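Make the full structure from the sequences, and use the hints.
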Amino acid sequence: MMNRLLSLRDSREAAARGARRSLRWQRALPRGRSLVTAVPYGWLLLFFLLPFLFVLQISFSEVEIASPPYRALVTRAEDALHIALNLGNFTYIFGDPLYFDAYLGSLRMAAVTTLICLLIGYPVAYTIARAPEAKRNTLLMLVMLPFWTSFLVRVYAWMGILDNEGLLNHLLLSLKLIDAPLALMHTQLSVQVVMVYAYLPFMILPLFSNLVKLDGRLLEAAADLGCKPWKSFLTVTLPLSKNGVIAGSMLVFIPAVGEFVIPELVGTPESLMIGKVLWMEFFDNNNWPMAAAVTIVMVALLLVPIVYLHKREEKSLARAAKH
Amino acid sequence: MNGKNISGFGKLSLSLVFSFLYVPILILIAYSFNASKLVTVWGGFSKQWYTVLFNDDAVVSAFGLSLQIALLSSAMSVVLGILAGLVLARFGPFQSKSLFAGMITAPMVMPEVITGLSMLLLFVEMQQWFGFPAERGVLTIWVGHVTLCMAYVTVVIRSRLVEMDRSVEEAAMDLGARPLKIFFQITLPIIAPAIASSLLLAFTLSIDDLVITAFLSGPGSTTLPQLIFSRVRLGLNPEINALATITVLAVTVLVIGANRVMVKAELRRVRLAAAT
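Chains as they are written, first to last, in this note's numbering: chain A, 1 to 323; chain B, 1 to 276.
No farther apart than 25 angstroms at their CA atoms in a straight line, the calculated lysine-lysine pairs in the DSS-like style are these:
hint : chain 1 : residue 1 : chain 2 : residue 2
1    : B       : 11        : A       : 135
2    : A       : 213       : B       : 11
3    : A       : 213       : A       : 135
4    : B       : 264       : A       : 135
Because the hints were derived from the structure by calculation, they are not lab data.
These numbers were taken from a predicted model, which means no experiment stands behind them.
Next comes the structure, spelled out in structure tokens:
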């Protein structure tokens, strides 16, 4: 009896101790956790999300010769608030073929870049993923090294090659393949080549990390059952690497739409890309409201692919966490 | 997937792509030693452009500024990135967590002209409301770079936190260690290689950034990429070839070195795991 009472007391004490401990945890945790969450969250809200509200606001304002060069939307006069919403920037964008062509040209350029990167990048990612493990790390680093190297330097490297008196023309002339130098620089072609060059690592990396996880036994099984290599590639490998293809394509397509440096340095003056239009409206014309309106339309265009990419990444991360 | 040998097609595609990636850079390096002022005509070997470069005060001071900003912003973005990685990998769902995760992904893919313009407009409005920041310069560039870099850092840290073996953490928790102690004594050492590589990534992103910097810089603050851009816009320039060569070599040494260190650390980890 005594024993039972004692053990009861013991277990009660233990439970109380346990409860105290978990209480301490609970007290410590929410405070610590909300602080840990609040710092990066607050930073992003203030410096990433909030700015878009200002862009939206300024896109509805009018340009003015002042500092800063736009009219405030809300003014107070005679004790009344006046709100002047100006839709002029947007009607201008949708009415003027210059802007429409620039948007269309950028989307097309980004889409073609994505497609070429995929066609070049897939065999490379596949080969590296199937290479012996000892070589894999070195090969991957060779792909990544240009990505770590300055973007500007990589674009500049092509200026010397594509220049109308550049190396490629010299080479072709000395090989007697052409009689007169080709106009390579400042064409759509030069922009296209450099775009592919600059964005290729962004395609290869996600493709590789997807393909490397592919279970080789599936391909062996297909081969054992008499499946030809190209057929097992089409029916096994390609469908299983869908997530890598989508992630890589998005990582190339979305930033490529707004590319500025490449069309500025190797592009044509006439056919504009929208990133360059935004830059010119802002820096050359000092028309901030127009630049803001161009930005809003671009964000609207890119929001769907960005959200789509984000949803897919979250899903694959959740799957990885479960395993 | 683990193959035995690289197929003929594989070898062909690798050699084609690697020459596509590296030939332009090698040509760039070769022409930095060109005696001729015309960048595309070979006029003999010379180191003169390096002398010109090192005596160019504008380049030296722009490099100093870039280095300062890159150090400051990579340090801050790693701190914020670790916190954000913890929130995403370890904390349970909370209200608007998906908004948070979305704001982490977005700066990585968002065209930089958009990020740059929107941040600039924020600073202009802030100045009108509070008079702060009084002018654009190192501080505003730093904020922009931190926001861009923390996205990359978070992705690296988060995936390491998700992948890592949590048993040691759980054991410490069962033994009654406080969360803060667990984090500093267990989690942080385990993810240290990921922190190192994200620090390197943030540093190179910051020191290389042109577009966001162009929007956020003031009259007195010209970074190295801005200087290069303003010269390259005017055409080919052998001095820039010399500068580019130094950049490429520095990055190569840094990345290969970091990679070797990390491979060694990984091997040690695998061996330890196999031994126990």
